[in-house]
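Work the whole structure out from these sequences, hints included.
There are 2 protein chains.
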Amino acid sequence: MTTESLDNVRVATRANVYFDGKCVSHSVTLADGTRKSVGVILPSELTFKTGAPEIMECAGGFCEYRLAGSADWVTSGPGQKFGVPGDSSFDIRVREAYHYICHFG
Amino acid sequence: MTTESLDNVRVATRANVYFDGKCVSHSVTLADGTRKSVGVILPSELTFKTGAPEIMECAGGFCEYRLAGSADWVTSGPGQKFGVPGDSSFDIRVREAYHYICHFG
Numbered sequence: 001m002t003t004e005s006l007d008n009v010r011v012a013t014r015a016n017v018y019f020d021g022k023c024v025s026h027s028v029t030l031a032d033g034t035r036k037s038v039g040v041i042l043p044s045e046l047t048f049k050t051g052a053p054e055i056m057e058c059a060g061g062f063c064e065y066r067l068a069g070s071a072d073w074v075t076s077g078p079g080q081k082f083g084v085p086g087d088s089s090f091d092i093r094v095r096e097a098y099h100y101i102c103h104f105g
Numbered sequence: 106m107t108t109e110s111l112d113n114v115r116v117a118t119r120a121n122v123y124f125d126g127k128c129v130s131h132s133v134t135l136a137d138g139t140r141k142s143v144g145v146i147l148p149s150e151l152t153f154k155t156g157a158p159e160i161m162e163c164a165g166g167f168c169e170y171r172l173a174g175s176a177d178w179v180t181s182g183p184g185q186k187f188g189v190p191g192d193s194s195f196d197i198r199v200r201e202a203y204h205y206i207c208h209f210g
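Quick mapping for you: the protein sequence lines, in order, are chains A and B. For the first sequence, the working numbering assigns the number 105 to the last residue and increments by one with no breaks. For the second sequence, the working numbering assigns the number 210 to the last residue and increments by one with no breaks.
Hints may contain errors.
If you anchor each label on the Cβ, the simulated ranges turn out as follows [to be verified]:
| hint | chain 1 | residue 1 | chain 2 | residue 2 | range |
| --- | --- | --- | --- | --- | --- |
| 1 | B | Asp-112 | A | Lys-49 | 29 to 37 Å |
| 2 | B | Phe-209 | A | Gly-83 | 35 to 43 Å |
| 3 | B | Tyr-123 | A | Val-74 | 23 to 31 Å |
| 4 | B | Arg-140 | A | Asp-32 | 20 to 28 Å |
| 5 | A | Leu-46 | B | Arg-200 | 19 to 27 Å |
| 6 | A | Glu-96 | B | Ser-194 | 24 to 32 Å |
Derived from the structure by calculation, the hints contain no laboratory data. From the three backbone atoms N, C-alpha and C, an ideal C-beta is built for every residue, glycine too.
Here it is, written out as structure tokens:
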């Protein structure tokens, strides 16, 4: 099941723009204070660093990702999630737009 | 005053990507069913067509815009708004990211 919307949230009006716009997200705060972001990665190959642990949930499109220390690229599509440890990194490559929800912590 | 967030809303998790990613937005629905979007335009010069009338509200950065039929470029910055008639168009040029809220109708 793909998560099509996040309900009853606060959304920040300023976007987060990374890698010259190859990744754009908006920050979201749930009613209980939990923070997430909704974003899109455009065709590119990028490396993201994490502070807090993250779970990336696909809301549309596809990506391939490779966690730090792994040799393997793994495909993630609609409804699928992958976790990234804190203070780590992952490579991601996208051929079509990859839409995601980022869950922290 | 700049609108920093939209509260108690539903946000779509799939982004709207226009002009090869020069404009990325997320659709938002208020509790009363009103639809808006929050987005960002990256450095570029673009022409947007409208269906419904729109009000563009700046949430950060700056743009210059020129309405259809006008010769004049006008600057719009944080907290400022401009209206665009329905079934019309406007040119916009952005040197740094222009963050916006789009109000319809």
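Tested hints:
1. Asp-112/B with Lys-49/A: 29 to 37 Å: 30 Å, holds
2. Phe-209/B with Gly-83/A: 35 to 43 Å: 37 Å, holds
3. Tyr-123/B with Val-74/A: 23 to 31 Å: This hint holds: roughly 30 Å between Cβ atoms.
4. Arg-140/B with Asp-32/A: 20 to 28 Å: Check passed, 25 Å falls within 20 to 28 Å.
5. Leu-46/A with Arg-200/B: 19 to 27 Å: Holds, at about 24 Å.
6. Glu-96/A with Ser-194/B: 24 to 32 Å: The hint (24 to 32 Å, Cβ to Cβ) holds, given that Glu-96/A and Ser-194/B are roughly 28 Å apart.
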